[in-house]
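Undergrad: In case you want the letters, here they are:
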Amino acid sequence: MSLNYFQLFDLPETFALALSTLETPYRRIQASAHPDRFVSATPTEQRQSMQLATLANEAFLTLKNPAKRAEYLLGLKGIDSLNDSNTSMPADFLMQQMEWREALEDASMAKDTASLEGLFDEMQAEGNRLTTVLTDLIDHKKDYPAASETTRKLVFIDKVCADIQQAIERLD
Amino acid sequence: MAYSDKVLDHYENPRNVGTLDKNDPNVGTGMVGAPACGDVMKLMIKVSDDGIIEDAKFKTYGCGSAIASSSLVTEWLKGKTIDQAYAIKNSAIAEELALPPVKIHCSVLAEDAIKAAVADIKAKQAAKEAA
Numbered sequence: 001m002s003l004n005y006f007q008l009f010d011l012p013e014t015f016a017l018a019l020s021t022l023e024t025p026y027r028r029i030q031a032s033a034h035p036d037r038f039v040s041a042t043p044t045e046q047r048q049s050m051q052l053a054t055l056a057n058e059a060f061l062t063l064k065n066p067a068k069r070a071e072y073l074l075g076l077k078g079i080d081s082l083n084d085s086n087t088s089m090p091a092d093f094l095m096q097q098m099e100w101r102e103a104l105e106d107a108s109m110a111k112d113t114a115s116l117e118g119l120f121d122e123m124q125a126e127g128n129r130l131t132t133v134l135t136d137l138i139d140h141k142k143d144y145p146a147a148s149e150t151t152r153k154l155v156f157i158d159k160v161c162a163d164i165q166q167a168i169e170r171l172d
Numbered sequence: 001m002a003y004s005d006k007v008l009d010h011y012e013n014p015r016n017v018g019t020l021d022k023n024d025p026n027v028g029t030g031m032v033g034a035p036a037c038g039d040v041m042k043l044m045i046k047v048s049d050d051g052i053i054e055d056a057k058f059k060t061y062g063c064g065s066a067i068a069s070s071s072l073v074t075e076w077l078k079g080k081t082i083d084q085a086y087a088i089k090n091s092a093i094a095e096e097l098a099l100p101p102v103k104i105h106c107s108v109l110a111e112d113a114i115k116a117a118v119a120d121i122k123a124k125q126a127a128k129e130a131a
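Chains S and E, in that order, give the protein sequences.
Read in order, the letters of the first sequence are residues 1 to 172 in our numbering.
Read in order, the letters of the second sequence are residues 1 to 131 in our numbering.
Calculated directly from the structure, the hints in this document are not laboratory data.
Watch out, some of these pointers could steer you wrong.
Unchecked claim - Derived SDA-like pairs: lysine to any residue, alpha-carbon spacing no greater than 20 Å straight-line:
(1) E/LYS57 / S/GLU105
(2) E/LYS57 / S/GLU99
(3) E/LYS46 / E/LYS115
(4) E/LYS59 / S/GLU102
(5) E/LYS115 / E/ILE52
(6) E/LYS57 / S/ALA167
(7) S/LYS64 / E/ALA36
(8) E/LYS59 / S/PHE93
(9) S/LYS142 / S/SER2
(10) E/LYS57 / S/MET95
(11) E/LYS22 / S/MET98
(12) S/LYS77 / S/PHE15
(13) S/LYS77 / S/GLN7
(14) E/LYS124 / S/LYS142
(15) E/LYS115 / S/LYS64
(16) E/LYS59 / S/PRO90
(17) E/LYS59 / S/ALA167
(18) E/LYS122 / S/SER88
(19) E/LYS22 / S/GLN96
(20) E/LYS124 / E/ALA36
(21) E/LYS115 / S/MET98
(22) E/LYS59 / S/GLU105
(23) S/LYS68 / S/ASP106
Required output: the full structure, derived from the provided sequences and hints.
TA: Set out below in structure tokens:
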């Protein structure tokens, strides 16, 4: 029997999650599975401890990121929110995406770091807003189709954020 | 992962980047997004009164394969009727660009963008006839 990521860290299967409640069990597992503790162990024990450490890493990275956490949690409920064949996002959302992308392009070309940082703050705020919406949709309303769409939006916001960060780094 | 020469060519020299006048009654716009990777694609087609695609422009924010897929379809679309355009399959795009399996969704995105642009122009034509 394999544990899911929430069970591995002994956490409730909710979207709302404080980083601190995730870090404590993660560090505990990493400490207990550390290779130094298995120097004189059998090859099987060494392999198992390494598998546990790898699993804990994957679980930590997945649960730490709100979009990945939502996708994973919806997956546990049998919903594939990031299905490749689903390309029809709401038109106004895509329009907004295009505008943000164009603003990013313009600011990068103009080497305008201040605008890029402003755009980054705007994206972060939008990401935080969507995270709040997701808590309500998943934990309270249990409206998984709507949560699925919000998760997709969050993936787009994360992508823009990552690209803005890259643009800022290139200018530094 | 290595990109094919055709993907690199379209990525480095993308054809028909830009926009058309979205308020032109003969211009259809298709906007789609790939949630798996956060890519967004906008495709615009200008259609003559007898239903032939005269011009096509795109703007894609995404990986090389997404840019190449949209660049390629703008080349394919010119001169086609909107029904021929609608019939373009993602498998043909993927084959032409030799996309690896993990990048097939980029060609799906391009096919969906064509279908969305055709749907938009048909809606505009219907509105014009109704007026």
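Undergrad: Next, verify each hint and record whether it holds.
TA: Hints, one by one, checked against the model:
no.	hint	result
1	E/LYS57 / S/GLU105	holds (18 Å)
2	E/LYS57 / S/GLU99	holds (17 Å)
3	E/LYS46 / E/LYS115	holds (14 Å)
4	E/LYS59 / S/GLU102	holds (10 Å)
5	E/LYS115 / E/ILE52	holds (15 Å)
6	E/LYS57 / S/ALA167	violated (25 Å)
7	S/LYS64 / E/ALA36	holds (18 Å)
8	E/LYS59 / S/PHE93	holds (16 Å)
9	S/LYS142 / S/SER2	violated (25 Å)
10	E/LYS57 / S/MET95	holds (16 Å)
11	E/LYS22 / S/MET98	holds (14 Å)
12	S/LYS77 / S/PHE15	holds (12 Å)
13	S/LYS77 / S/GLN7	holds (15 Å)
14	E/LYS124 / S/LYS142	violated (38 Å)
15	E/LYS115 / S/LYS64	violated (37 Å)
16	E/LYS59 / S/PRO90	holds (18 Å)
17	E/LYS59 / S/ALA167	holds (19 Å)
18	E/LYS122 / S/SER88	holds (18 Å)
19	E/LYS22 / S/GLN96	holds (16 Å)
20	E/LYS124 / E/ALA36	violated (31 Å)
21	E/LYS115 / S/MET98	holds (19 Å)
22	E/LYS59 / S/GLU105	holds (12 Å)
23	S/LYS68 / S/ASP106	violated (30 Å)
Checked against the numbered hints given earlier, the structure breaks hints 6, 9, 14, 15, 20 and 23 and satisfies all the rest.
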